[in-house]
Amino acid sequence: IEGMIMEESIINAYDICVRFVGNLKLLSEPVKTAADKIMRATANNSKCVLLIAVCYTSTDEIVHAVEESSELNSNEVCNNQELEEANATGSGTVIQIENMESYSGIKLVDLEKNTYINPYPDVLIRTSGETRLSNYLLWQTTNCILYSPHALWPEIGLRHVVWAVINCQRHYSYLEKHKEYLK
Amino acid sequence: MDLKPGAGGQRVNRFVDPISYHFLQFLWRTLHLLVSLWYLQVSMVQMIEGFLISSGLVKRYGALDIDKVRYLAIVVDSEEAYQISKVIQLLKWVEDMGVKHLCLYDSKGVLKTNKKTIMESLNNAMPFEEAVEKDVLLDQKQMTVEFASSSDGKEAITRAANVLFMKYLKYAKTGVGKEEPCFTEDQMDEALKAIGYKGPEPDLLLIYGPVRCHLGFSPWRLRYTEMVHMGPLRYMNLGSLKKAIHRFTTVQQNYGT
Numbered sequence: 001i002e003g004m005i006m007e008e009s010i011i012n013a014y015d016i017c018v019r020f021v022g023n024l025k026l027l028s029e030p031v032k033t034a035a036d037k038i039m040r041a042t043a044n045n046s047k048c049v050l051l052i053a054v055c056y057t058s059t060d061e062i063v064h065a066v067e068e069s070s071e072l073n074s075n076e077v078c079n080n081q082e083l084e085e086a087n088a089t090g091s092g093t094v095i096q097i098e099n100m101e102s103y104s105g106i107k108l109v110d111l112e113k114n115t116y117i118n119p120y121p122d123v124l125i126r127t128s129g130e131t132r133l134s135n136y137l138l139w140q141t142t143n144c145i146l147y148s149p150h151a152l153w154p155e156i157g158l159r160h161v162v163w164a165v166i167n168c169q170r171h172y173s174y175l176e177k178h179k180e181y182l183k
Numbered sequence: 001m002d003l004k005p006g007a008g009g010q011r012v013n014r015f016v017d018p019i020s021y022h023f024l025q026f027l028w029r030t031l032h033l034l035v036s037l038w039y040l041q042v043s044m045v046q047m048i049e050g051f052l053i054s055s056g057l058v059k060r061y062g063a064l065d066i067d068k069v070r071y072l073a074i075v076v077d078s079e080e081a082y083q084i085s086k087v088i089q090l091l092k093w094v095e096d097m098g099v100k101h102l103c104l105y106d107s108k109g110v111l112k113t114n115k116k117t118i119m120e121s122l123n124n125a126m127p128f129e130e131a132v133e134k135d136v137l138l139d140q141k142q143m144t145v146e147f148a149s150s151s152d153g154k155e156a157i158t159r160a161a162n163v164l165f166m167k168y169l170k171y172a173k174t175g176v177g178k179e180e181p182c183f184t185e186d187q188m189d190e191a192l193k194a195i196g197y198k199g200p201e202p203d204l205l206l207i208y209g210p211v212r213c214h215l216g217f218s219p220w221r222l223r224y225t226e227m228v229h230m231g232p233l234r235y236m237n238l239g240s241l242k243k244a245i246h247r248f249t250t251v252q253q254n255y256g257t
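Chain order of the listed sequences is A and B. Per my numbering, the first sequence starts with residue 1, numbered consecutively. Per my numbering, the second sequence starts with residue 1, numbered consecutively.
Chain A extracted, bound-state conformation (with noise of 0.2 Å):
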């Protein structure tokens, strides 16, 4: 992060806003400064964005995707007549698990917007010939194509992007078609 704010001017020629996502309260004190700092910087940048992961499961994504759901819902909910006669019924004991599935509260696209990464990509590059996602951007990844080559990271160059581009236009329509079957 120090290399890429001593770097800041490149980053402001080229217009890009650099934003690190995650649980960032994981971080230690000065490398979250520093990430506070470039973000600091570029936030006017409008050309690309570049959204660097740390302290990132995708699993770990969703959990907070349903807090903030949570917390966004619970003040609307609290006035909640379904809520009233739900616990009516409990006076003190366990409200059973029908009650509680019935309520729909948290709504699909609630999660969608609490995502801690957005909008959502078309081609995930995944380096070294893995073909697992290792717990990254499964939220993210339902019409994405999944690119596997086998060159390691330092080794991925315009090539592999340029043959990612083409197979993603390749199967656009497909994919546009899923995505709004989805919707």
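These are calculated hints, taken from the structure and not from any lab test. Backbone N, C-alpha and C define an ideal beta-carbon position, used for all residues, glycine too. Some hints could be false.
Claimed, not checked - Counterexamples of contact, computed for chain A against chain B with all Cβ distances above 12 Å: (1) Met-4; (2) Glu-7; (3) Asn-12; (4) Leu-27; (5) Pro-30; (6) Ala-34; (7) Met-39; (8) Ala-41; (9) Val-63; (10) Lys-107; (11) Thr-127; (12) Leu-175; (13) Tyr-181.
Claimed, not checked - Stretch by stretch, here's where chain B covers chain A in the computed footprint (C-beta under 8 Å, at least three residues): (14) 67-75; (15) 128-136; (16) 139-152.
Stated by the list, open to error - Dumping the calculated EDC-like pairs for lysine to aspartate or glutamate here, alpha-carbon to alpha-carbon at most 20 Å: (17) Lys-108(B) / Glu-80(B); (18) Lys-167(B) / Glu-130(A); (19) Lys-154(B) / Glu-130(A); (20) Lys-243(B) / Glu-130(A); (21) Lys-183(A) / Glu-79(B); (22) Lys-32(A) / Glu-7(A); (23) Lys-107(A) / Glu-180(B); (24) Lys-154(B) / Glu-67(A); (25) Lys-25(A) / Glu-185(B); (26) Lys-154(B) / Glu-8(A).
For chain A, the structure is supplied; the task is to place chain B on it using the hints.
Chain B alone, transformed into the frame defined by chain A:
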């Protein structure tokens, strides 16, 4: 394959004259034609290799250590899933290879709709829900088959989120002050199981369709799943299935724990 230039092409159009634009479009279409020919050649080679493996001429894929595949998932493109006979043939191959636990997924639920037909065609298989009810998941005599669709993915996670939300509200109401909701991944696991989603994480996911994409398979169950693209279902063959499973069983899995 989508060959319309789209918004990007229209932006280019403003900056180049019409002749150059048409020339660029011609180059673009030629490039895509060459790529399509490349993929055609690759799939022909794969079909020939698959045929050689199926007929036993390639000895390397003869013996499979199938126990390493504890849970296999198969994702099928929904349009191709209507070819039920092909799906049944694929499942028979999987059953003959000795796979004990299988999950079949297509996003529109076509396979779920044809569950009865599919189960009746298999010799020795049991629905996953029945195996869970009878507590015979560890019984190695029958193959268990789970059917899933897009409603068992993100929508199921949303339902589990509501279970956690209700618990949070109940305790927030009885608590002294309002605390922020704080859940763990284990609690999410428990909530999913409580609403009936007990399927484990697959070790291997085979994708039968035009694109290497999991098409909405439950995100909660894909953390360390190996994904292999097998091509369209209509070109499936026993040889490429054996090769994919053999490759999985011979690679050392590192789960980072």
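Outcome of the hint check:
Distance check on Met-4(A): its Cβ is at least 27 Å (rounded) from any Cβ of chain B, clearing the 12 Å threshold; non-interface status holds. Remark: the non-interface label on Glu-7(A) is consistent with the geometry, its nearest Cβ contact in chain B lying 29 Å away (cut-off 12 Å). Remark: the non-interface label on Asn-12(A) is consistent with the geometry, its nearest Cβ contact in chain B lying 24 Å away (cut-off 12 Å). Residue-level check passed: Leu-27(A) sits 19 Å from the nearest beta carbon of chain B, beyond 12 Å.
Look at Pro-30(A): its CB is around 26 Å from the nearest CB on chain B, clear of 12 Å, so calling it non-interface holds up. With 12 Å as the threshold on Cβ separation, the claim that Ala-34(A) sits away from chain B holds: the shortest Cβ distance comes to roughly 26 Å. Distance check on Met-39(A): its Cβ is at least 24 Å (rounded) from any Cβ of chain B, clearing the 12 Å threshold; non-interface status holds. No beta-carbon of chain B comes within 12 Å of the beta-carbon of Ala-41(A); the shortest separation is about 29 Å.
With a least CB separation of 5 Å from chain B, Val-63(A) falls inside the 12 Å interface cut-off, contrary to its annotation. The Cβ of Lys-107(A) does not lie farther than 12 Å from every Cβ of chain B; its closest approach is about 7 Å, which violates its non-interface assignment. Thr-127(A), annotated as away from the interface, keeps every beta carbon of chain B farther than 12 Å; the closest lies near 15 Å. Against chain B, the non-interface label of Leu-175(A) is violated: not every CB pair exceeds 12 Å, the least being about 7 Å.
At roughly 7 Å from the closest C-beta of chain B, the C-beta of Tyr-181(A) falls inside 12 Å, breaking its exclusion from the interface. Counting residues of the segment 67-75 of chain A whose C-beta lies closer than 8 Å to any C-beta of chain B gives 6; at least three are required, and the coverage claim holds. Residue count for the segment 128-136 of chain A with a Cβ under 8 Å from a Cβ of chain B: 5. That meets the three needed, and the coverage hint holds. With a cut-off of 8 Å between beta carbons, the segment 139-152 of chain A has 8 residues touching chain B; three or more are needed, and the interface restraint holds.
Proposed proximity of Lys-108(B) and Glu-80(B) is supported: the alpha carbons are some 11 Å apart, at most 20 Å. Of the supplied pair hints, the one linking Lys-167(B) and Glu-130(A) is violated, its CA atoms being roughly 39 Å apart against a limit of 20 Å. A distance of roughly 25 Å separates the Cα atoms of Lys-154(B) and Glu-130(A); the hinted pair therefore is violated under the 20 Å criterion. For a cut-off of 20 Å, the pair hint linking Lys-243(B) to Glu-130(A) stands: about 17 Å separates their Cα positions.
A threshold of 20 Å between alpha carbons decides the hint, and for Lys-183(A) with Glu-79(B) the separation of about 18 Å falls inside it, so the pair holds. Taking the CA atoms of Lys-32(A) and Glu-7(A), the gap is near 18 Å; set against the 20 Å cutoff, the hint holds. With a C-alpha separation of about 19 Å, the suggested pair Lys-107(A) and Glu-180(B) falls inside the 20 Å cut-off, and the hint holds. Taking the CA atoms of Lys-154(B) and Glu-67(A), the gap is near 16 Å; set against the 20 Å cutoff, the hint holds.
For the hint pairing Lys-25(A) with Glu-185(B), the CA-to-CA distance comes to about 17 Å; that is within 20 Å, so the pair holds. With a C-alpha separation of about 39 Å, the suggested pair Lys-154(B) and Glu-8(A) falls outside the 20 Å cut-off, and the hint is violated.
Hint compliance for this structure: hints 9, 10, 12, 13, 18, 19, 26 are broken, all remaining hints hold.
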